[in-house]
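Trainee: Assemble chains H and D onto chain W, guided by the hints.
The primary structure of each chain is shown beneath.
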Amino acid sequence: MSTATSNPTRSSTKGHSSVVHIEDDWYIICRSGYLTGKPRSIELMGTPLVIFRAKNGQAGALLDRCPHRNAPLSLGTVRGDVLQCAYHGWRFDVSGTCRYVAGAGSDHIMKACHATAYPVREQQGFVWVFGTPRVEPDREPFLFPFVSEPGYTTVCRELQVEASLHAVAENALDVPHTAYLHGGLFRSTNKQTREIEVVISRYGDRVEAEYVGESAPTGLAGRILAPRGGPVSHVDRFILPSITQVEYKIGSETHLCVTVALTPVYDFITKLFAAVSFRLPIPGWMVVPVLRPLFLRIFEQDAEILKRQTETIKRFGGEQFASTSADILGPHIYRLLKMAERGERSRSEKNPQIFKTQLLV
Amino acid sequence: MSTATSNPTRSSTKGHSSVVHIEDDWYIICRSGYLTGKPRSIELMGTPLVIFRAKNGQAGALLDRCPHRNAPLSLGTVRGDVLQCAYHGWRFDVSGTCRYVAGAGSDHIMKACHATAYPVREQQGFVWVFGTPRVEPDREPFLFPFVSEPGYTTVCRELQVEASLHAVAENALDVPHTAYLHGGLFRSTNKQTREIEVVISRYGDRVEAEYVGESAPTGLAGRILAPRGGPVSHVDRFILPSITQVEYKIGSETHLCVTVALTPVYDFITKLFAAVSFRLPIPGWMVVPVLRPLFLRIFEQDAEILKRQTETIKRFGGEQFASTSADILGPHIYRLLKMAERGERSRSEKNPQIFKTQLLV
Amino acid sequence: MSTATSNPTRSSTKGHSSVVHIEDDWYIICRSGYLTGKPRSIELMGTPLVIFRAKNGQAGALLDRCPHRNAPLSLGTVRGDVLQCAYHGWRFDVSGTCRYVAGAGSDHIMKACHATAYPVREQQGFVWVFGTPRVEPDREPFLFPFVSEPGYTTVCRELQVEASLHAVAENALDVPHTAYLHGGLFRSTNKQTREIEVVISRYGDRVEAEYVGESAPTGLAGRILAPRGGPVSHVDRFILPSITQVEYKIGSETHLCVTVALTPVYDFITKLFAAVSFRLPIPGWMVVPVLRPLFLRIFEQDAEILKRQTETIKRFGGEQFASTSADILGPHIYRLLKMAERGERSRSEKNPQIFKTQLLV
Numbered sequence: 001m002s003t004a005t006s007n008p009t010r011s012s013t014k015g016h017s018s019v020v021h022i023e024d025d026w027y028i029i030c031r032s033g034y035l036t037g038k039p040r041s042i043e044l045m046g047t048p049l050v051i052f053r054a055k056n057g058q059a060g061a062l063l064d065r066c067p068h069r070n071a072p073l074s075l076g077t078v079r080g081d082v083l084q085c086a087y088h089g090w091r092f093d094v095s096g097t098c099r100y101v102a103g104a105g106s107d108h109i110m111k112a113c114h115a116t117a118y119p120v121r122e123q124q125g126f127v128w129v130f131g132t133p134r135v136e137p138d139r140e141p142f143l144f145p146f147v148s149e150p151g152y153t154t155v156c157r158e159l160q161v162e163a164s165l166h167a168v169a170e171n172a173l174d175v176p177h178t179a180y181l182h183g184g185l186f187r188s189t190n191k192q193t194r195e196i197e198v199v200i201s202r203y204g205d206r207v208e209a210e211y212v213g214e215s216a217p218t219g220l221a222g223r224i225l226a227p228r229g230g231p232v233s234h235v236d237r238f239i240l241p242s243i244t245q246v247e248y249k250i251g252s253e254t255h256l257c258v259t260v261a262l263t264p265v266y267d268f269i270t271k272l273f274a275a276v277s278f279r280l281p282i283p284g285w286m287v288v289p290v291l292r293p294l295f296l297r298i299f300e301q302d303a304e305i306l307k308r309q310t311e312t313i314k315r316f317g318g319e320q321f322a323s324t325s326a327d328i329l330g331p332h333i334y335r336l337l338k339m340a341e342r343g344e345r346s347r348s349e350k351n352p353q354i355f356k357t358q359l360l361v
Numbered sequence: 001m002s003t004a005t006s007n008p009t010r011s012s013t014k015g016h017s018s019v020v021h022i023e024d025d026w027y028i029i030c031r032s033g034y035l036t037g038k039p040r041s042i043e044l045m046g047t048p049l050v051i052f053r054a055k056n057g058q059a060g061a062l063l064d065r066c067p068h069r070n071a072p073l074s075l076g077t078v079r080g081d082v083l084q085c086a087y088h089g090w091r092f093d094v095s096g097t098c099r100y101v102a103g104a105g106s107d108h109i110m111k112a113c114h115a116t117a118y119p120v121r122e123q124q125g126f127v128w129v130f131g132t133p134r135v136e137p138d139r140e141p142f143l144f145p146f147v148s149e150p151g152y153t154t155v156c157r158e159l160q161v162e163a164s165l166h167a168v169a170e171n172a173l174d175v176p177h178t179a180y181l182h183g184g185l186f187r188s189t190n191k192q193t194r195e196i197e198v199v200i201s202r203y204g205d206r207v208e209a210e211y212v213g214e215s216a217p218t219g220l221a222g223r224i225l226a227p228r229g230g231p232v233s234h235v236d237r238f239i240l241p242s243i244t245q246v247e248y249k250i251g252s253e254t255h256l257c258v259t260v261a262l263t264p265v266y267d268f269i270t271k272l273f274a275a276v277s278f279r280l281p282i283p284g285w286m287v288v289p290v291l292r293p294l295f296l297r298i299f300e301q302d303a304e305i306l307k308r309q310t311e312t313i314k315r316f317g318g319e320q321f322a323s324t325s326a327d328i329l330g331p332h333i334y335r336l337l338k339m340a341e342r343g344e345r346s347r348s349e350k351n352p353q354i355f356k357t358q359l360l361v
Numbered sequence: 001m002s003t004a005t006s007n008p009t010r011s012s013t014k015g016h017s018s019v020v021h022i023e024d025d026w027y028i029i030c031r032s033g034y035l036t037g038k039p040r041s042i043e044l045m046g047t048p049l050v051i052f053r054a055k056n057g058q059a060g061a062l063l064d065r066c067p068h069r070n071a072p073l074s075l076g077t078v079r080g081d082v083l084q085c086a087y088h089g090w091r092f093d094v095s096g097t098c099r100y101v102a103g104a105g106s107d108h109i110m111k112a113c114h115a116t117a118y119p120v121r122e123q124q125g126f127v128w129v130f131g132t133p134r135v136e137p138d139r140e141p142f143l144f145p146f147v148s149e150p151g152y153t154t155v156c157r158e159l160q161v162e163a164s165l166h167a168v169a170e171n172a173l174d175v176p177h178t179a180y181l182h183g184g185l186f187r188s189t190n191k192q193t194r195e196i197e198v199v200i201s202r203y204g205d206r207v208e209a210e211y212v213g214e215s216a217p218t219g220l221a222g223r224i225l226a227p228r229g230g231p232v233s234h235v236d237r238f239i240l241p242s243i244t245q246v247e248y249k250i251g252s253e254t255h256l257c258v259t260v261a262l263t264p265v266y267d268f269i270t271k272l273f274a275a276v277s278f279r280l281p282i283p284g285w286m287v288v289p290v291l292r293p294l295f296l297r298i299f300e301q302d303a304e305i306l307k308r309q310t311e312t313i314k315r316f317g318g319e320q321f322a323s324t325s326a327d328i329l330g331p332h333i334y335r336l337l338k339m340a341e342r343g344e345r346s347r348s349e350k351n352p353q354i355f356k357t358q359l360l361v
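Residue numbers (our numbering), protein chains in the order written: chain W, 1 to 361; chain H, 1 to 361; chain D, 1 to 361.
If we strip away everything but chain W, and leave its shape as in the complex, we get (with noise of 0.2 Å):
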């Protein structure tokens, strides 16, 4: 029998696992800002990378292992276009090419001396690397909605989580947690609660929440958002590979969106690049202070009980977990998750599954 660690970074579970590696996909590497002259030592689903940008403006990804002796490629120093090795001095152009080995004439680079290289894109202010290294990719990254619409505020944040991807989709458009872990920020347990209806729609690569009936957020969030009141309109969404939407609509004022991209660092460490974007009755900037703290104490609570979830499902070798009707979005986002591993995912089906049921708030 094994101690128990809390070594984030172990992977390894005996029993049933929610992890997921889905390698033909786009998950966000870094911010843009991020990628100066020097290399940067980064990781994708647990494989080390370095990204480096050339002098041309060019971002590269590579395998962050010369193919020498295997000296770190991010310990290295970029010289115009290529990223130069610090050991023996070899070389690498952003699309891997060996292109200089020291000591050795240039007709002896072989096929083996070149570096292992991962699609790049870089839009909105960010840089995405595909998960699988030498191929052409057959889609392209998410857009993020609202980022450059006039009228629109959308105020960026990068975290981090130790916890699997599919945790934290699911606890980031879970509702029920919100009155206890967050209890008294926007909702809250010392009230009645009544029965409202979910209509879920799941496509080939998305599945999507709409609550009826709901009231307009209480708490602290409610009071700054929708002032005023006003019928709501909530939906809560997940996308593949790893995007996760909040939309609240609430009167004909107020329209709040919360994209987040998760991007995989190790099974159970995840990355969260968030754009929160919203119009409101009042001015952006005045919200923008109010809200901040706000926020990030929402996530403390959250990456803090992620954590310790994590922590427990190590212990006991795997997750064990017991669903129920109020689990809306997690069953489906684990299905979807688990499609797009096998490559079994349907990219533009017309007409979804409808489920319907009930959530007691």
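Rather than coming from a laboratory, the hints here were simulated on the basis of the structure.
Every value quoted in this text rests on a predicted model; they were computed, and no experiment measured them.
Check each hint, because a few of them may be wrong.
Note that identical chains are pooled: a pair holds if it fits in a single copy or bridges any two copies.
[To be verified] For lysine-lysine, the following DSSO-like pairs were computed, each having C-alpha atoms within a straight-line distance of at most 30 Å:
| hint | residue 1 | residue 2 |
| --- | --- | --- |
| 1 | Lys-38 | Lys-249 |
| 2 | Lys-111 | Lys-307 |
| 3 | Lys-350 | Lys-307 |
| 4 | Lys-111 | Lys-356 |
| 5 | Lys-338 | Lys-111 |
| 6 | Lys-38 | Lys-356 |
Mentor: Frame of chain W; chains H and D shown alone:
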């Protein structure tokens, strides 16, 4: 390729091991006073448990994992007679029964929603937990003798050692090491050795060694415990699953009984709940301040060598012991533990097996 | 998939590995002065040993585990010609023979009571241990040349690196990395490269590379070692099981020989015992204060890149190397090590295999 590591928490050994798991018996989990309104996380044989005291005073011990999403229940809160999970607010009573699922109606409480409960007993100020969940134990916990007998003083202590239950039990009942490891404290090597007879009686659930013709203990401990000397009766005893007892009678006035209940926390971490009961020619309150530092020093020396022994066993991937006639009780304890692990102990054998041997002291 | 950890003692890799275990040969375990009355704990190829010097001056090396209850013998005490275990007082001489068992008569000393002893030699101020216990070695340890030759100054150093023996040996005898990793110190990249011839001679137990037509070394080291220049003779040499040698003759006055005996502590921890012997146009005592910081700086750079190389190999679960003609000795060293591990080395081959190649320097 070699696999040596020196990580002291690594518990699996490839080779031979004296580690046993006796799951159908009772172990002290904490002292009663430790159990307040706050749930506590503890481990028994590597299994994480949450223990808590409900408002009605009852103690509960559940697997420290919410059946819903595997958050640790020890992060939760006691509310009346239930423990409420910190994540989604599920509620469990001391029997493990799920009493509330937030967001779903109470008719959604399925069998999989219940927590796993362990039998609990409280007696003599200790909380005992049975090593198997969801059963009705067919035996009761051990009762400490002399604790409430008139004329006796009892001092309790709780300690923890990085060693297997077997290694700790053998150490607690071993005579020869005292002259070396604790040299000068209650035995010494600076004198002639002489041979004494040892009578070992092995019962179905215990083994005891009677040392015949032993001199009164010398060293500091001896001078305090029996200043006037007198005929010595010394019996060492091991009782399944994990009780060690050292009993000394010297003359007509001195009676000392050190009873230790061992709790296997992990394979190589053992807790000791010790009750030192004594009746002496001088009042107990005069002796305690002198004996305490002496016992602590002896314990520190034992804890250190046991830890280093454990490290060495792990480094070599298992035990390789050589025993001689001087290892009076260790091999018998091992045999009892292994029998009990296989479920083969006989509760109350009337006629013990008798072994006789000599020891040079 | 497990993530990388930087625990330098973790030794298993799943993929290809240059790690070898040559157990039928000698390794330096420490310098003679380190071995005093106090027993010392050391490791050889992952095996914990205790080394001690008996009162009669003899050095002993035993498995660091008491055969009785597996306490580490390195916690014990030297008493005359025996090492006494700290736990139960068992005593062992340098041959591993058990000489005393406390509590039992001396006729109770069985075969299982003896400790496991390794052959030991002391010469030139170093203590060597043979990699196999309980045998009579059929070869003797390596002798450092020039150490006691008149006109030569020798400086010794002991260092430790987190890398395999093969990686350290290849690094010590590699030329191309010096211009990059140690740029400016004794070779530089800021000049035209030119091609020189390399003659590689491979014997049954060694391989050497002679660099023909090399210029006198430039950079700071060159200016100190050979201020007047002259014809250069440069030979790099690897001798089984673990000796590296770099020998420079410049003109008639300068002779430098850096001999390093490598000791495999763990698979990825290697100790270096270096003897730098030289004869120069200027007195040795003038050179030592200048050369010491230079050598230390070079060593630090090598130690750092080797550690990072090791980390990367572990993160990827094994090595994946690409070699070119510029890797002069590394592949030959690997072949010799693997042959020796299989017990297939031939001791004294007269006629070496000759390989010729070019190197751009």
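Trainee: None of the hints should be skipped; say for each whether it holds.
Mentor: Going down the list of hints, with the structure as the test:
When the C-alpha separation of Lys-38 and Lys-249 is checked against a cutoff of 30 Å, the pair qualifies neither within a copy, at 43 Å, nor between copies, at 41 Å. Taking the shortest alpha-carbon separations for Lys-111 and Lys-307, only the inter-copy value of 27 Å comes in at or below 30 Å, while the best intra-copy value is 43 Å. Taking CA atoms no more than 30 Å apart as the test, Lys-350 paired with Lys-307 passes in neither setting, with 38 Å inside one copy and 54 Å between copies. Only between protomers do Lys-111 and Lys-356 lie at most 30 Å apart by alpha-carbon distance; the minimum there is 24 Å, versus 56 Å within a single protomer.
In this homomeric assembly, Lys-338 and Lys-111 come within 30 Å of each other (Cα to Cα) only across copies, at 26 Å, whereas the closest approach inside a single copy is 35 Å. In this assembly of identical chains, Lys-38 and Lys-356 lie within 30 Å of each other by CA distance neither inside one copy nor across copies; the values are 52 Å within and 39 Å between.
Hint violations for this structure: numbers 1, 3 and 6, all remaining hints satisfied.
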